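Novice: Chain order of the listed sequences is P and E. For the first sequence, numbering that gives the first Met the number 0 begins at 0 and goes up steadily by one. For the second sequence, numbering that gives the first Met the number 0 begins at 0 and goes up steadily by one.
Note that these hints are calculated values from the structure, not bench results. Mixed in with the good hints, there may be bad ones.
Because identical chains cannot be distinguished in the list, a pair is counted as satisfied if it fits within a single copy or across any two copies.
Unchecked claim - Capping the alpha-carbon separation at 30 Å, the derived lysine-lysine pairs in DSBU-like fashion look like this:
#1 K2 with K332
#2 K136 with K382
#3 K136 with K374
#4 K336 with K119
#5 K329 with K148
#6 K2 with K42
#7 K336 with K65
#8 K21 with K42
#9 K21 with K89
#10 K42 with K462
#11 K35 with K313
#12 K313 with K34
#13 K488 with K469
#14 K382 with K182
Treat the numbers as computed from the prediction; the structure is a model and nothing was measured.
There are 2 protein chains.
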Amino acid sequence: MSKAYEQLQPYLERAQAFQTAKVLFEWDNETLAPKKAGQNTSKVVGTLSSEYFSVITDPQVKKLVKECREEDLGQVEAAIVRELAEEMEKLERVPANEYREFSQLASEGTRIWADARRNKDFESFAPTLKKLVEYTKKFASYRAKEGQKLYDVLLEDYEKGFDMETLDRFFGTLRQQLVPFLKKVTESEVEIEDDFLTGDYKDEDQEAIGRFFAEYVGFDFDRGVMAVSAHPFTTNLHNKDVRVTTSYNRHVDDSLFSVIHESGHAIYELGIPDELTQTLVGGGASMGMHESQSRFFENIIGRNEAFWVPVYAKLQERFPQQLEDVPLEKFVKAINKVEPSLIRTQADELTYSLHVMIRYEIEKMLIEEDLDVDKLPEIWADKYEEYLGVRPKDAAEGVLQDIHWSQGSFGYFPSYALGSAFGAQLYHYMKGQMDFEGLLRAGEIGTIREFLRQHIHQYGKLKTSRQMLKEVTGEDFNPQYYIDYLVEKYGRLYGVTM
Amino acid sequence: MSKAYEQLQPYLERAQAFQTAKVLFEWDNETLAPKKAGQNTSKVVGTLSSEYFSVITDPQVKKLVKECREEDLGQVEAAIVRELAEEMEKLERVPANEYREFSQLASEGTRIWADARRNKDFESFAPTLKKLVEYTKKFASYRAKEGQKLYDVLLEDYEKGFDMETLDRFFGTLRQQLVPFLKKVTESEVEIEDDFLTGDYKDEDQEAIGRFFAEYVGFDFDRGVMAVSAHPFTTNLHNKDVRVTTSYNRHVDDSLFSVIHESGHAIYELGIPDELTQTLVGGGASMGMHESQSRFFENIIGRNEAFWVPVYAKLQERFPQQLEDVPLEKFVKAINKVEPSLIRTQADELTYSLHVMIRYEIEKMLIEEDLDVDKLPEIWADKYEEYLGVRPKDAAEGVLQDIHWSQGSFGYFPSYALGSAFGAQLYHYMKGQMDFEGLLRAGEIGTIREFLRQHIHQYGKLKTSRQMLKEVTGEDFNPQYYIDYLVEKYGRLYGVTM
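Just chain P, same shape as in the assembly (with noise of 0.2 Å):
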């Protein structure tokens, strides 16, 4: 090992106990801690936050990476220096007041979005988003390599590789094709019904159940815990702890797709080997990547018949007043029902990324065109009418649904829509190397598992989301896909073509 590299240890150490502690914090706040717990933890938090900040921008932790960089590092040391260098220069670059200012107006801002919602009153929280805008904008400013347009800047925070141009292509892609796809589907005289996935499903059922798919697609609960949040989310301290969240209410499907969509992100993060967990590198890729695997699994296996031929019985047996009569194939349709909506969290399969693309268009406009944040609810309304034919009649249905930018995340939304992108490429290359519906069919969702594990899991932050995409399916990133199979499973449902 070398020398400056070893000396880095003690500070990498602390960085991450400290990281650590804090995403302890954050599940315990979602799942436990009694609501007015609130103020004097988060002073907790701060402190915590702010050695972490004092760790990255040591001096010494400076001179030590620039001394390491001139080093012949092994892989995993390598990219440990150039995550920790690229932490580094986010945080130095943005002065500690600032950040503070920020943090703080951001925590706010929770607060004030969530009371906005309530009342559905877009202006209480208007004055508080401008001051977000400003901050991003500013901060983006300071990070911003020569020529670099702020709204990249923000963009490469989540998804490395990806900038507006490749977005542009991307959801002009998705805009051009999937908007009059979907307009067919919805004109289509193909009913589905799906009224029996709501009625009395008992929480403690749903949970049992829960449980077992969650064990069925992988999740392994020697290693994870699953509780119960107002939203659900997944969360790891490392990993051998790793930890999904859901929550109940009278659609059964809401739960069981969570739940198996949370998997999805678990496993990801239980796929990560030893020597990289608790490192630098030792999470998913990106957001984008990890969306992927939870989608995938949510989407591509659990919204697939195949997948619920073994199992199906299992669901009946534990809810025999609700399915027993409902056949498997009735199941399966209602199950993937399109239907446009305002909320982009319930929405189907084909709409979800149009949501996406809407968030996408919207922050471009906030960020890069100076967008007047009064405008925010029209402007939202009509893309909403434009693309998906619905239109909220508040903001709480409409652009005060997402938490995001009221924590001052900006850029992040994209990611939800190439994850799902990202699936369809890498289901398109596995099913030329396996009989994958034939899998799920026999209940051999290892032998899938297995393979998104040892090309995708194993690898960590080792290699950029794209550059895993062209390494496994010998193909760079190609949303053509995505529409592919979105239309052909579509298509085949709603009886209409492209």
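Based on these hints, arrange chain E on the given structure of chain P.
Specialist: Just chain E, lined up with the frame of chain P:
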């Protein structure tokens, strides 16, 4: 605010944050963490411990503490500086590398102990215990003031103002008076029936009634959490996040009284004022004072017939099958049944402190008299036979039953008995100030709780337990109240006199 004191604040905040994070990791580990998480997570916790050590022993902290001591500080500030100075001296007298070795040994020790207990095999734990005793003595010798005995150094950590001289008198009184009294009780012809406390008590019903009783005695679920762990405990992040656990088995009184016991601990922490919480004086005054509150709630309140008058029907309603035909009087007798037994944590109120006395006598021998560790099982068994009339058939129900020594905690046990005695002294005084049983009968526990809050909880660590006891009751610690309380209560129950 003094300038030096002000400069201390960032150090104190960091120490507090590291400590709070450690508390959350411990909580998580006991209640939720997946079983394979241990090794990776303990690296994180180890780093947080080292960070805490570094802050407290920072030369700059030492300098500032010295400056503070020369200044005129307010009561709270002075107390914080005093606690910090004590913690600093405690940590800095032990060489960092030896402390690390010891921490690692203690952490391994707990695993080795757990295995040894499972296998009823003391010999596999003895070598580790020997080393732990050696380290403990060595560390105590580093910290001893001139002429101070080693065991007194340890006792001081848990209960300031209580050394071997005081404790010899305390336990001497118990030995002389309680041991013969217990003999009379066990030979009494009164038979107490309690078989109805055991049976098919469903976990979810025990949980529901446990939540009711926690709230009834004053636990605040807006500032607290109740969960399940193998062994019940209480912990807290601050005064707005206090957490208790319990566990459920076929004995309904186990969970019922563990919930009331832990609620007593929790109410103490919930009663710490905002200006003290998240500081070094923001916890209970001492182990003993803490135990005084938990045992006060469990026994003096919870096993009091008057307590059950307004709420016994609630319990009967929840468990009609088991308790419908059991009258109040019969139930109260059952929950106060005396039965000398082998396991401390399952002991009744009368025999409890004799279990503690045995541990005190043995710890003294280990630390002060070089007792050969290999002889422990026999000495343990002999003492149980002498004082309680029962003899363990193996080490699991004998010397291996408690976790404390495996964690390197020596000097902790006496606090358990002191707490009971503090509680009895408070009870004696409070009965002169209020109609204690009348309040319980009227369901007005709030008045009792408020007395404790005003006279004890609100001071945090500003005073020692002994000072507080004196100020509240007007008298120095006096164990006779404890004996009198037990003799009166159990004499009445079993128709015997001293």
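Novice: All the hints need checking, so say for each whether the structure fits it.
Specialist: A quick look at each hint next to the structure:
{"no.": "1", "hint": "K2 with K332", "verdict": "neither (60 Å within a copy, 71 Å between copies)"}
{"no.": "2", "hint": "K136 with K382", "verdict": "within (24 Å within a copy, 74 Å between copies)"}
{"no.": "3", "hint": "K136 with K374", "verdict": "within (19 Å within a copy, 72 Å between copies)"}
{"no.": "4", "hint": "K336 with K119", "verdict": "within (29 Å within a copy, 60 Å between copies)"}
{"no.": "5", "hint": "K329 with K148", "verdict": "neither (49 Å within a copy, 80 Å between copies)"}
{"no.": "6", "hint": "K2 with K42", "verdict": "between (37 Å within a copy, 22 Å between copies)"}
{"no.": "7", "hint": "K336 with K65", "verdict": "neither (55 Å within a copy, 72 Å between copies)"}
{"no.": "8", "hint": "K21 with K42", "verdict": "both (12 Å within a copy, 15 Å between copies)"}
{"no.": "9", "hint": "K21 with K89", "verdict": "both (19 Å within a copy, 29 Å between copies)"}
{"no.": "10", "hint": "K42 with K462", "verdict": "between (36 Å within a copy, 26 Å between copies)"}
{"no.": "11", "hint": "K35 with K313", "verdict": "between (41 Å within a copy, 29 Å between copies)"}
{"no.": "12", "hint": "K313 with K34", "verdict": "between (37 Å within a copy, 27 Å between copies)"}
{"no.": "13", "hint": "K488 with K469", "verdict": "within (25 Å within a copy, 80 Å between copies)"}
{"no.": "14", "hint": "K382 with K182", "verdict": "within (15 Å within a copy, 85 Å between copies)"}
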